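Going by this note's numbering, the sequence shown runs without a break in its numbering and finishes at 250.
Hints are computed from structural coordinates only; laboratory data are not their basis. What you are looking at is a predicted structure, and each value in this text was computed from that prediction instead of being measured. It cannot be assumed that every hint is accurate.
[Said to hold, decoys possible] Restraint ranges, calculated between C-beta atoms of paired labels, are given here:
1) K243 with F180: 56 to 64 Å
2) M158 with V209: 39 to 47 Å
3) T196 with D34: 34 to 42 Å
[Claimed, not checked] Computed list of lysine-lysine pairs in PhoX-like fashion (alpha-carbon distance at most 25 Å, straight line):
4) K212 with K156
5) K176 with K140
6) K176 with K122
7) K212 with K243
8) K184 with K113
Here a beta-carbon is modelled for each residue, glycine too, at the ideal position from N, C-alpha and C.
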Amino acid sequence: MSFEVSIEDFAGGDDPKDPVVLLGDKRGPYSLKDYLKPEMLSFTLESGKRMVLPVKIVIPKNAEPGNLLGAVLIRTNPPENQLEIEKDKAKGQVRIESQLGTLVFVRVSGPVKEEGQVTEVKTPQRFYSGGNIPLQVFYKNTGDVYVVPYGVAEIKNMLGSVVGEVVIDPWFALPKATRFREVKWESGMVRLGRYTVDFKINRGYGDIVDEKSLTLWVIPWKLALLVFVAIFILALLIRFLHKHIKLRVT
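My request is simple: use the sequences and hints to build the entire structure.
Following this line, the structure appears as structure tokens:
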């Protein structure tokens, strides 16, 4: 199969859950595509084989301090459709293309603006029965270079005892964009109750740490069902006693 190599700029998206937007022929605010030089722009590769594609990064000496962002993209180049006409109907093969790429981050040394912070922590709902509970972090990069925040989420029960910890691995946040990060707390066999999740997120520069918290409830469904059944039986018993037993006071 034959493949084509192309270079594009990319930027941060407005949707925190879709952090990267490829810009196609457009030039990005931190353009790198003129400085990425792949060794070849097309090649053929047999099924099951693999190869290494060298790409040179040539940055001019007068480049301004900051970061440059680009992507090396490789897309399949399937043969053109060969349509046949049979009784006024077109038939043939569907042309399917696929694409993959590698993001390239370059930082030119010099004075830059590193600035960002955690804007929100949340979980999709307040009540859970257990299992893997999603914990979400939103980070807003207001600087002009990408940063790599990371941190930890510590879970405490109503007594203040630590019952769990989730490591939040480093993730990148592009300039002027909000980045979303979700991790899972494997709550396992935790008890019924209210839990506090304390987030400590290193901003990725200056060793500055943002601290935020949220609360959630864990109500195991088996326990909830048992309580519901017990209340239902108790209500029936009270109704029966009220209907069939008369209390006399002498």
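The hints, checked one at a time:
For K243 and F180, the hinted distance range of 56 to 64 Å is satisfied, since their beta carbons lie about 58 Å from each other. Between M158 and V209 the beta carbons are some 25 Å apart, a value that contradicts the proposed interval 39 to 47 Å. Distance hint for T196 and D34: a CB-CB separation of about 50 Å, inconsistent with the stated range 34 to 42 Å. Between K212 and K156, the direct Cα distance comes to roughly 14 Å. Compliance with the 25 Å bound is thereby established for this hinted pair.
Annotation: proposed proximity of K176 to K140 holds, straight-line Cα distance about 7 Å (limit 25 Å). This hinted pair checks out: K176 and K122 have alpha carbons roughly 22 Å apart, not beyond 25 Å. Of the pairs offered as hints, the one joining K212 and K243 is violated, with about 55 Å between alpha carbons and a cut-off of 25 Å exceeded. For the given pair, K184 sits about 32 Å from K113 by alpha-carbon distance, which is inconsistent with the 25 Å threshold.
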